[in-house]
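**Student:** Each chain is listed here by its residues.
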Amino acid sequence: MVMGIRFEKVDYIYQPHSPFEHHVLKDINVTIPSKSYTAIVGHTGSGKSTLIQHLNGLKIPTHGTVWIDDFPVTAEGIGKIGKALRKKVGIVFQFPESQLFEETVEKDIAFGPKNFGASEEEALKKAAEILPLVGLEPPLLKRSPFDLSGGQMRRVAIAGVLAMEPEILVLDEPTAGLDPQGRREMMEMFYHLYQQKHLTIVLVTHQMDDVAHYANHVIVIEKGQIAFAGTPQEVFKNVDWLEKIQLGLPTATHFATTLIKKGFPEENFSLLPLTLEALADEIAAGYERKKVGDADE
Amino acid sequence: MITLQDVSFSYSGSKQRALNNIQLQIHSGEWVSIVGPNGSGKSTLARLINGLLEADEGTIQVAGTTLNEENVWAIRDRIGMVFQNPDNQFVGATVEDDVAFGLENRGVPRDEMKGRVHKALLRVGMWEFKDREPARLSGGQKQRVAIAGIIAVAPQIIILDEATSMLDPRGRKEILEIVHHIKKEQNLTVISITHDIEETLFSDRIIVMDAGQVQHVGTPEEIYTLGEDTLLRHELSLPFVEQLKRELKARHVPIPESYKNEERMAEWLWEYVLKK
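Protein chains in written order, with my numbering: chain H, 1 to 297; chain X, 1001 to 1276.
A hint or two may mislead.
Cβ pair distances, simulated, as ranges [unchecked claim]:
1. X:Glu1057 - H:Tyr14: 56 to 62 Å
2. X:Arg1106 - H:Leu271: 56 to 62 Å
3. H:Thr44 - X:Glu1177: 40 to 46 Å
4. H:Lys142 - X:Glu1057: 50 to 56 Å
These are calculated hints, taken from the structure and not from any lab test.
We put the beta carbon where it would ideally sit given N, CA and C, even for glycine.
The following block holds chain H by itself, in its conformation from the complex (with noise of 0.2 Å):
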């Protein structure tokens, strides 16, 4: 069995001979690895939210094939394998919070594992084993969903997906609307996550210093087409064609280019720094080169 996510030859059309048709995926071949941490990029309106909807048969594809491991995702629809394939892949929507409904935070997250055959104590069991693992504390589980801070009833909502034990999780901007510290701290939760439970993730961001300090693998979609899936080391040495499309840079790597332009000499970063630490460790070794060549002077 191959693992992964592989799309074949995929095309997506919206609403096919009607006034309103939308040609939104255009011959998509590309592949998730399994256990990757894969973000994708893209204006608003690129297809990357379509692109996902593929992963769990909300859209089927026009033409080809997605394959979620084994299961294949085509124009006939998902059929049996349905229900297998909803348990597989979680997907945490934009706002997700706003599909909260149920009157307690455990019934809330119950309901999926209720929904997938578990009895109502081993449903509301789970709830509790994954509370923690979103960063909220026992004594919420009685609470009304709707009593909570916007940020703590975007965890129950994601501990509700969490719940299903998805192999694949898919995050469509996942930290919209938060504050810097809620941003920074559901951005760690989620690489927790990736890290203990060996998930693969698939990221919808449009925050670059999150693709250069969490993923993998990143693919980059332009006007539906796959524009370049590599390394984020690979995506973001295309400093130009990044401004160009206006996609931007990670703050360390715009930082870079600065200095390039004040006469830095761009061979002598020995890589392009994504991020932070790693901007600095580059300064501190120019910074180590001037003082030897100083000193020989």
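With chain H held as given, fit chain X onto it using these hints.
**Tutor:** What follows is chain X alone, placed relative to chain H:
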């Protein structure tokens, strides 16, 4: 332009004061950022200034007039407010109608109205979207339309209440740059309420609020160099350049004493640390 004297406010049913004895002056043509954690009182302050809330104690003056129940509408005419969620502030079926709404309310004649709407939409780069439905725009485009609706009315003060927090980095930058330009052209006073220290770069002054009180007031340079402990205590992050300085210091690399923006910092490092 705006003066707050001994202003206190509590929400009904709450024993704690949301704002406690605030003294503050904001000058005409100034860009002031108000930063602080959730519940610090920063949004309450903005709502008091445009009369959405009424102070329990103290006085608020806007352009020389002391706010009271009778003049609150007149004062609100001078203040345009952009809220966090762009979806909660549209009334028109098209972008053009939406921008015209504020002018219609004020009885502006039709010909003049058309001209002002046209100018405002051009100014925010949204004229080509004039016939579109506001709900179908991106978040950044929606906030640009909201800003057009405000500048069409020509207020003297614009309040951004976390107006960019739901936008992607590009949308965020666009909004801040548009407001920056309009401010310069029309000598607007800008009050920007934000969580994000990186968004305060255009400010003349930054006010740090916490627990209903003004904790620090200063230029960006003064606030950014307050040190990590102070900023973290108010749940603010260190600006990128200050983070870099901290990392460099740990690696025994010399760093400049004063605050520098990214451009100046890169120049300084090249000149004093890297150039052979």
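**Student:** Which hint numbers doesn't this structure obey?
**Tutor:** 3 and 4
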